[in-house]
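Q: Please build the complex by placing chain A on the supplied structure of chain C, with the hints as guidance.
Number of protein chains: 2
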Amino acid sequence: MLTDVDAVSDMMEKAALEANATPITKAFHRFQPQGVSGVVVIQESHLSIHTWPETGYAAMDFYTCGDHTDPWAACEYAAKQLGAKTMLTTEVKRGIESANGRFTHVVTTDHDVHELAKIA
Amino acid sequence: MLTDVDAVSDMMEKAALEANATPITKAFHRFQPQGVSGVVVIQESHLSIHTWPETGYAAMDFYTCGDHTDPWAACEYAAKQLGAKTMLTTEVKRGIESANGRFTHVVTTDHDVHELAKIA
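Residue numbers (my numbering), protein chains in the order written: chain C, 1 to 120; chain A, 1 to 120.
Some hints could be false.
One copy or any two copies: either way a pair holds, since identical chains are not told apart in the list.
[Said to hold, decoys possible] Capping the alpha-carbon separation at 30 Å, the derived lysine-lysine pairs in DSS-like fashion look like this:
1) 14 to 80
2) 80 to 93
3) 93 to 14
4) 85 to 14
Calculated from the structure, these hints are not laboratory results.
Next up, chain C with everything else stripped away, as it sits in the complex (with noise of 0.2 Å):
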């Protein structure tokens, strides 16, 4: 799975519909010999991956904006789709407006370790 683009590509896509977010494009690579890069771009910012089958590992994002989207049910899609056997997470607000006028982020939750050997 982590060395296929078009089945990362189909299952990132397919992973912003589980958000309840509108994939607007999107851009894949495969790498030689092995890995893939790519990213949709949604109307609510984007979803990213970067896979490394050598070492089985899979960095990715899900960054949404808006109330009616759920970027931890594209999280959660993701990993079983990728048979993750534990996924570390961080959670990061941003774009928060402060009075001053000026924006911040807030770095909301830290290596929240997730064992997933139950749903891989």
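A: Same frame as chain C, but now just chain A:
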């Protein structure tokens, strides 16, 4: 600048070059009435941007791999091109393999505010 999809797309591709990264493919979208979202997939991972012209805010990721790249060069270039007055950055080191074969990531710099008035 924050509303011009061609300018933003071109700027982000140049930012990749500033980081000494190699652009592979990209996907950008102009929203109506305003705002741009897009990603440059690079040999070394990706750069992304989402703009909110109505509030003068842009959220960018500069995700690179390898010792030859400098994501901060891309970040500083992009902020300068956007005419940003302030830039708030957080560095995350990803895909760090631990002794037990698991991977972790480390948020190494949180809420580092850069005043850019001089270069904007």
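Q: Run every hint past the structure and note whether it holds.
A: Results of checking the hints against the structure:
1. 14 to 80: Within. Shortest intra-copy distance 12 Å satisfies the 30 Å Cα cut-off; inter-copy 36 Å does not.
2. 80 to 93: Both: 24 Å inside a copy, 24 Å across copies.
3. 93 to 14: Answer is both: 23 Å inside a copy and 27 Å across each meet the 30 Å cutoff.
4. 85 to 14: So residue 85 and residue 14 pass the 30 Å test inside one copy only (20 Å; across, 38 Å).
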